[in-house]
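Asker: Produce the entire structure from the sequences given, and follow the hints as far as they go.
Each chain, letter by letter, is given below.
2 protein chains.
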Amino acid sequence: MSMKKAKMMLESKDIRPSFQRMKIYKLLMETKEHPSVETIYNELKEEIPSLSKMTIYNTLKLFVEKDLARLITIEENEARFDADTSVHGHFKCLKCGCVIDFPVEETKLPAPGNGFTVDNIDFFVRGTCPGCRN
Amino acid sequence: MSMKKAKMMLESKDIRPSFQRMKIYKLLMETKEHPSVETIYNELKEEIPSLSKMTIYNTLKLFVEKDLARLITIEENEARFDADTSVHGHFKCLKCGCVIDFPVEETKLPAPGNGFTVDNIDFFVRGTCPGCRN
DNA sequence: TACTTTTTTGGAATAGATACAATTTTTTTT
DNA sequence: AAAAAAAATTGTATCTATTCCAAAAAAGTA
Chain R
0 MSMKKAKMML ESKDIRPSFQ RMKIYKLLME TKEHPSVETI YNELKEEIPS LSKMTIYNTL
60 KLFVEKDLAR LITIEENEAR FDADTSVHGH FKCLKCGCVI DFPVEETKLP APGNGFTVDN
120 IDFFVRGTCP GCRN
Chain G
0 MSMKKAKMML ESKDIRPSFQ RMKIYKLLME TKEHPSVETI YNELKEEIPS LSKMTIYNTL
60 KLFVEKDLAR LITIEENEAR FDADTSVHGH FKCLKCGCVI DFPVEETKLP APGNGFTVDN
120 IDFFVRGTCP GCRN
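Chain order of the listed sequences is R and G.
Using numbering that gives the first Met the number 0, you'd call the opening residue of the first sequence number 0 and step up by one each time.
Using numbering that gives the first Met the number 0, you'd call the opening residue of the second sequence number 0 and step up by one each time.
Please keep in mind that the hints were generated in silico from the structure rather than gathered at the bench.
Fair warning: this is a prediction, and the values are worked out from it, not measured in the lab.
Some clues are possibly wrong.
For chains that are exact copies, the list does not tell them apart, and a pair is met inside one copy or across any two.
Derived pair list, reagent style DSSO-like, types lysine-lysine, alpha-carbon separation capped at 27 Å [stated by the list, open to error]:
1. Lys12 / Lys22
2. Lys4 / Lys94
3. Lys94 / Lys107
4. Lys65 / Lys94
5. Lys44 / Lys94
6. Lys107 / Lys60
7. Lys44 / Lys107
8. Lys91 / Lys60
9. Lys44 / Lys12
10. Lys12 / Lys94
11. Lys94 / Lys60
12. Lys91 / Lys107
13. Lys52 / Lys107
14. Lys25 / Lys91
15. Lys25 / Lys3
Answerer: So this is what it looks like as structure tokens:
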């Protein structure tokens, strides 16, 4: 993803496109592994030596508020982020640790019932991936 | 739940029924709010002044391994536990903070696909509960 | 009772996340 | 363009949930 595209995405959500924010968003779009703050920090600190983890925390919090990213919990104790904000499932292999997205039709999901307003859905499955079964 | 019943439940899963373990299991069964380690500690420390949080951590980890409890993530950064190990959904109201269980038919849930073995399903929904909509 | 294993306990250490104030950068005003 | 104001970034100190570890206590076995 180009920096120009990242800039447009941020602006479309009323987020000022600072260099750090654009870089973080770009990385989030290009990385399929739902990186953690630590991962993002390690990826970007070479290019932006002054980068502070606080900036990453602030930025990701802002992205989540503005619906530009989703917070997902793969392991307790570490927040992971996903630039795909649509409803979809996450599968984690307990053997190799890989995380795979899979499609989910929102209309086919069970709902808590009448009277509940749904803002956010997390569907998370753990098990063994095809590669590790062999 | 009686201590005798708690003891039987532990023994059925090959867990030695120490006093602390029985008390923790009993509390977990009687509490619908999916308590955290901190909550369990505060609830039990009066009756068991010597109780250590480490015991609670160890015990819950053992329960989860032996399929006597489930680890659920309601808020990132704090583990919560559920004595109901069957597949069911959790709804969290973003206004009042209440957590409500709701039934889910496992056969109707989307699956990651052929070739995947499923061990564990988490279905978590956030939004507004009927009480808070009024 | 003596010996072995298991469980519990508490204090120190770890790691992710937050609070906060000082800089730096950007935007607005003059 | 310079000054002032606002916003973003940074580093340090701190917090909190969790884990590590080794000693003490309890339970089980001979």
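Asker: Hint by hint, which ones does the structure fall short of?
Answerer: 2, 5, 6, 7 and 13
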